[in-house]
Structure formats: structure tokens, C-alpha cells
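Participant: For reference, the chains in residue letters:
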Amino acid sequence: MYEFIAFYVFAISTTILFLITVMSKNVLYAMTALAAGMVMISGLFFLLGAEFLGVVQLIVYVGAVMALYAFAMMFFDATKNIKEKHQNPTLVFLLGGLMALLFVLMFSAPIIGDNIQAIYPMIEGVGNAQAVGMVLFTKYLVPFEVAALMLLVAMIAGIILAGKKMDYSLTESESADEEMNIKKGDA
Amino acid sequence: MSLEQFKNRNVGTQNYVKLDLDHAPTDAWSQFKQVVKRTFQPELFVGLGVTLREMMNSLFRGKSHTTQYPFEKLPVSPRYRAIHDMLRLMESGNYRCIGCGLCEKICISDCISMETKYDENQRKEVSEYTINFGRCIFCGYCAEVCPELAIVHGGRYENASEQRASFSLFEDLLTPIDQLNLQQEYAGFGAISPNADENIKSTPLAY
Amino acid sequence: MDATMLPEVTAAGVIIKAVLILAVIAAIAGFGTYIERKILAFMQRRLGPQHVGPFGLLQLAADGIKLFTKEDIIPQHANKFIFAIAPVITAATAFIALAAVPVFPGFTVPFTDIYVPSIASDINVGILFVLGMMAAGLYGPLLAGMAQSNKWGIIGSARTAIQFLSYEVVTGLSILAPIMLVGSLSFVDFNTYQTDGVWLVVYQPVAFILFLIAGFAETNRTPFDLLEHEAEIISGYVTEYSGMRWGLFFIGEYANMITIGVIASVVFLGGYNDFWFIPGWIMIIAKIAFSFFFMLWVRASWPHIRPDQLMWLCWKVLMPLAVINILITGLVIMI
Ligand code: SF4
Ligand code: SF4
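Read top to bottom, the protein sequences are chains A, B and C.
Everything in the first sequence is counted per this note's numbering, starting at 1 for the first residue and increasing by one.
Everything in the second sequence is counted per this note's numbering, starting at 1 for the first residue and increasing by one.
Everything in the third sequence is counted per this note's numbering, starting at 1 for the first residue and increasing by one.
Please note that a few of the clues may not be correct.
Claimed, not checked - Here are the simulated lysine to any residue pairs, SDA-like style, with alpha carbons at most 20 Å apart:
| no. | chain 1 | residue 1 | chain 2 | residue 2 |
| --- | --- | --- | --- | --- |
| 1 | C | Lys-316 | B | Pro-25 |
| 2 | B | Lys-73 | B | Gly-134 |
| 3 | A | Lys-165 | B | Gln-31 |
| 4 | C | Lys-151 | C | Glu-232 |
| 5 | B | Lys-105 | B | Cys-136 |
| 6 | C | Lys-151 | C | His-77 |
| 7 | B | Lys-63 | C | Gln-44 |
| 8 | A | Lys-165 | C | Arg-306 |
| 9 | A | Lys-80 | C | His-77 |
| 10 | A | Lys-80 | C | Lys-151 |
| 11 | A | Lys-164 | A | Leu-152 |
| 12 | B | Lys-37 | C | Lys-151 |
| 13 | C | Lys-80 | A | Ala-30 |
| 14 | B | Lys-37 | B | Gly-47 |
| 15 | B | Lys-73 | B | Tyr-157 |
| 16 | B | Lys-37 | C | His-77 |
| 17 | A | Lys-165 | B | Asp-27 |
| 18 | A | Lys-164 | C | Trp-312 |
| 19 | C | Lys-316 | A | Ala-157 |
| 20 | A | Lys-165 | C | Asp-308 |
| 21 | B | Lys-63 | B | Leu-48 |
Because the hints were derived from the structure by calculation, they are not lab data.
Quick caveat: nothing in here was measured; it's all calculated off a predicted structure.
Between the sequences and the hints, there should be enough to build the whole structure, so can you do that?
Facilitator: Have a look at this one:
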């Protein structure tokens, strides 16, 4: 009974929040709604008994990814409304709708066919985190490691892109002082 | 606090503690060395120790720097220029002011106003004497110019009042006659310097 | 403490516990401001609040009255809705994090058989949940800064984002090593692991120090109080806040300090086990109180650092140290 209510609360609020994300003209509203929606999704995970995934959802998506979005948004005036330009609204609507329909079909097909089976069923007496770990390090070891490698590559690339002038300190460099003095002299 | 201490304003002769700051590290290796040095130097913990010691001092030994202001006050310098006082002659109890009007003349914000008349002994008497403290800038010229050391600066610095007339009438500034024995000679602006006697030179009578 | 021996946890017990946490921690958070002012005052040879009530104890009530009756100003160009909910997010996440933390020992309500557990919700990924909630807590300052259309606010929220994101990495990595030793994410297991009297600090001193440093950063305390450093950015993300909204940020900050104190004492300092002859519940309160005091002590003693030094410290010193610590722990476990 509680779970029933909780599921609908989480599901409906997730949908509404994500709708706000898409519909809102205000960056701040969209961002807040997206973050709140992520929290609601982690609530769904908790309901399913997948506490580990729920917490990871919280830490990774809410705590890290969304915060990075927010960081990027600080370069704009977040309190202003944004005017979106739609070149071809019909096309966008059609394509978007088609995608949504496709997803619904894809996910409902096995339910209708009534043949969902867990390939790796939960082992009794094993915690959530352990179960995820077992699957990750046996069946999905190669994709897991490849993903790790890709992230490492991306990280190094990011550091190299961002860090070209990282050690250049304006306060300590003599030439910067001189430059500023010259500018002052000009003025 | 004695006057000598207040008069010692010689900046630079006190015992200042000089920090010998290193130069900022330039390359990565010296930066690293600095970090290692700072990590393993117990400086941070010395800081913690100092604050803990001070806490113990103020908790158990009553060493606190707080002056609980409205209840206790710090002494002000005798040279401090606050609300004026009018002094009396010690011997007769009469007020010192001879009504010469110099203070009224010199006041740069034109805030002293006075009226004088001759009394029955053909002696000048001050009938009105007010200082407009809304205008006074406490420059001290009046005290400096007064030939009789009559108008001086007192120590009343709490100037909040419901009306400025409260402390600007002659009677308010004058030392109350019953407290005459408490009246102190002013050491500040315009006062005779402590070594005035030594500075007196005999007038050359060469002509 | 054996889990099977405990009486059954009912919904009523959990609700009582939740109300208890809310009431007690909110009160302690308020009281914490008094303690902080007093201790900082003594350390700087002042007296601190002392006119309202005996030893100034009622200063707390005076502050509360002032905060509640202050005019609630919302700036003209601010995003009013977000501006209004941002402080609530800070306070709420701080309290939700406490739901998975063993704050007081469990007890039975007198005259009933309602058992109030020591943890409101004993999920078996407790530590991660607390860290996750504290991570979500960054939205309070972040949204507050962005919604108030004030440049100091924006700078404050940018600093929030970089500081919290960076130090979450250190918190997570530093606490990973003890997790590997214990082999569980539940606070109860951590407590049981240390029943033999050997605290985890002994095995993991580096992790403990790293966690403390990162904890200071995550609770926005000196020396890492860059989010609202007065001398640089007025008040950062709280520049435009007044009255009780500002008070909520404060309560959230103090609740977070308590949370960090609880994690440090349960994970590293032996939890609520009995120590020698001192019963466990006194021990845990003493440990939390000490870590709270330590935060104030540090605030009185150390200067705060520049943002670039903060980042440098995080990514070039603390994170590598944490990774090396994990590596060594892993090697030791394997051998
Ligand atoms: S200068 Fe002195 S003596 Fe002359 S009027 Fe003023 S107070 Fe009186
Ligand atoms: S202190 Fe200066 S401004 Fe004030 S009454 Fe004396 S001369 Fe005038």
C-alpha cells in the first residue's frame, strides 16, 4: 500500500518535473526541475530495493553532472527568460513524438509478451552493492574496463585542453606586472 | 595612562616583530619543497595551541580584553579634545574668563557666541556664552588662544543628547562651584608646557 | 550490538525518531551558534554574548526572535520561487542526511512498547546515502546564488559548485579505504567492526585526516569558507538573504557540521562502543562534541585560503594521497 502510493508520487512528480524542464523558458527553473527529477528517480530506485543504484544516481547525477550544468549556466543571466528559435516546429514535434513512441514500444513489448527474466537474479543474502559488483566484474568486465579507459582518456584530454596556461600566475609573473604598468602609463 | 606615554608617538622606534617572508616559489620543485616543509612543520598546531592557551587564559584566569563599555570606560588622553570646560580660579572661585572675546574671534566654525558687560566694579563680566556644538569641529583653537586658560577641552565624549543646548551653556561648561577642589589643570592644547619655567629667558635689555 | 537482539522497528518508532532528530538537531544547531560565539570569543580573549540571560544563554532566543521578525526581503529582479526554496533545500538535505546516521542510541519509549531505533532508516548503503545527500545539499547555495541576480551571489555559487564538487571526490575516496576494510557501507557494521576497542584511525590515519579536511570543505568552514567570505565577496550566496531564510542556511550548516562529526566518530573513532568504563552513548556524544569543538577551534586559529589554493590542495595533494591510500589498503588486504 505504502509502496503503491510512493510509486505514484515519485512517478507523477518525475514526469511533471521533467515536463517543466522541457517546457520552461527559464534556465533556472529548467535546471532546478531537472535536478529535482533526478532525485525523484533515485526515489524510484529505493522503492525497487536497489539502494546502491539510488544512491549512485544521487551522487553522480544530482551531485556532479547537474552541478556541472549549473556551473556552465553561471555564464548566462539565469533569471532571464530565453526565447527559443524553432525553424520547423512540426518536424521537431513529429520526430520527438516518434522517438517517445518508439521507446514506449520497446519497453512495453516484453511486458506485454510477459517474458521478462533477470539474467542475473539477485543471490539471496547478498547486499545490493555486492550484487552490482559481482555482475560488473564478471559478465561486464570488458565493457567496464573499456569505459574506464575511455573516461581516463577523456580526463587527460580535458586536462590538456584546459591546462595550457594553468601554471601562469598573473600575480607572480614579472612580465604581467610590467604590462600593467605600461597600460597605466598609457592612460 | 600618563601623559608621557601619550606623547610618545614616534613611529618606528618600537619593537616591531619583522616577518622574514620567503619568496614565492617559482618552479615546481621548490613549490613541492614548500608544501612538504609546511606540511611537516608543526606551525598549524602551534596556532591551535595558541588559541587553546588563550581560551584557558580567558576562561580560568579572567584575562579578557573586553571593556564592557557602558559599564566601564577606558581613560582618555588628557590631550583629547572633547566637549569644552570652563575653568574657575582656584583661589576665589570666580570664573577665569575675562571676556576678551579672543575665542569668539578665532573660532573657525564661528560657533562661539558671547556677550559681555561691565559689572558694578567696572570689571568685565560674561553675560552670555554659548558654543554651538552642532557646528564645533573640536579644533582646539579656542583653548589654545585663551590667555587665561579659561576655556579648555574636557573629557566628555558621549555627545548623544536630546538637544544640543544640554551642554553648551556657560553654566554647563563651568566647573560647578562645589567641585572646585576637583578641578584639574588642563594639559592639552594651549596649556603651559611642563618645562615652561626652563624656557623663560630674560628679556635682553641691550637697547 | 547484535541486530537480531533488537526489538522490532515500527512505523511509530521511526516517526518518533524523525521528530526527535528534527527537534534535537535543530535545537543543537541553534545552540551551536551560541557555543561558536562563546568559544571564538574566549579564544580571542573576548567575552562573547553575556547580557541576555545567565552567561548569555538566552542570546539564542533573542536571535531567534530577531530572525523571525525581520523583514523578509526578496530582491526585485530575483527569481522569487527559486530564491524562496533555496534555503529550504539546504536545511532539508542536511536533515535528510541525518536520517541514515546513528545519532543517539536506540531506546524504548517508557510505558509503551514502541522501540525508537538509533537510525531512522537503516539502509545498508548508509554512508553513501549521507554523502549523496550532502552532495545534493550543494543545490541550496548554488540556486540561492543564481536566483538572487547579484554578482556576489553568482560568484558565491560558482565557488560552491567548484568547492563541493572537488571535495566530494576527496570525501568519497578517503572513506573508501575504511569501507574496503570493513566490507560494508552500513554504519552499524562499522560500529561492530570496532567493538574490540581498536579504532579505525589506527589503521587508516591518512584517510581520517583526508576526511576531516574534506569535511571542513563540505561544511563550508574556515579555512575553506570561500562560499561566503565577507572580505572578498560580501557574503557570497547569502548576500541578499535576510531573516529566517538566512537562518535556514545557518541551521543547515550546523546540521552538516554535526553530520560530519557523526560520520567521523562512527567510521574512524570507534562509534558508540563502550570505552573502558564509559558507556557508549556518552562516548559518541563526547566524540561528536569534540569534532564540533575542533571545527570552532580551527576557525579561531587558522586563516582561510585562496580559491586557487583550495583547488590546488584538492586535486594535486589530497586526491593523489587518497588514491595512494586506497591502493596501499587494497594491497594490504590482498596479501
Ligand atoms: S578667550 Fe578665554 S578669556 Fe577670552 S573670552 Fe574666550 S574664554 Fe574668555
Ligand atoms: S574647538 Fe574650534 S570650532 Fe570648537 S569652539 Fe573651539 S575654536 Fe570653535
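Participant: If a hint holds in the structure, say so; if it doesn't, say that too.
Facilitator: Evaluation of the provided hints:
no.: 1; hint: C:Lys-316 with B:Pro-25; result: 16 Å, holds
no.: 2; hint: B:Lys-73 with B:Gly-134; result: 25 Å, violated
no.: 3; hint: A:Lys-165 with B:Gln-31; result: 17 Å, holds
no.: 4; hint: C:Lys-151 with C:Glu-232; result: 12 Å, holds
no.: 5; hint: B:Lys-105 with B:Cys-136; result: 14 Å, holds
no.: 6; hint: C:Lys-151 with C:His-77; result: 12 Å, holds
no.: 7; hint: B:Lys-63 with C:Gln-44; result: 10 Å, holds
no.: 8; hint: A:Lys-165 with C:Arg-306; result: 19 Å, holds
no.: 9; hint: A:Lys-80 with C:His-77; result: 9 Å, holds
no.: 10; hint: A:Lys-80 with C:Lys-151; result: 15 Å, holds
no.: 11; hint: A:Lys-164 with A:Leu-152; result: 18 Å, holds
no.: 12; hint: B:Lys-37 with C:Lys-151; result: 38 Å, violated
no.: 13; hint: C:Lys-80 with A:Ala-30; result: 15 Å, holds
no.: 14; hint: B:Lys-37 with B:Gly-47; result: 16 Å, holds
no.: 15; hint: B:Lys-73 with B:Tyr-157; result: 11 Å, holds
no.: 16; hint: B:Lys-37 with C:His-77; result: 49 Å, violated
no.: 17; hint: A:Lys-165 with B:Asp-27; result: 14 Å, holds
no.: 18; hint: A:Lys-164 with C:Trp-312; result: 16 Å, holds
no.: 19; hint: C:Lys-316 with A:Ala-157; result: 17 Å, holds
no.: 20; hint: A:Lys-165 with C:Asp-308; result: 14 Å, holds
no.: 21; hint: B:Lys-63 with B:Leu-48; result: 18 Å, holds
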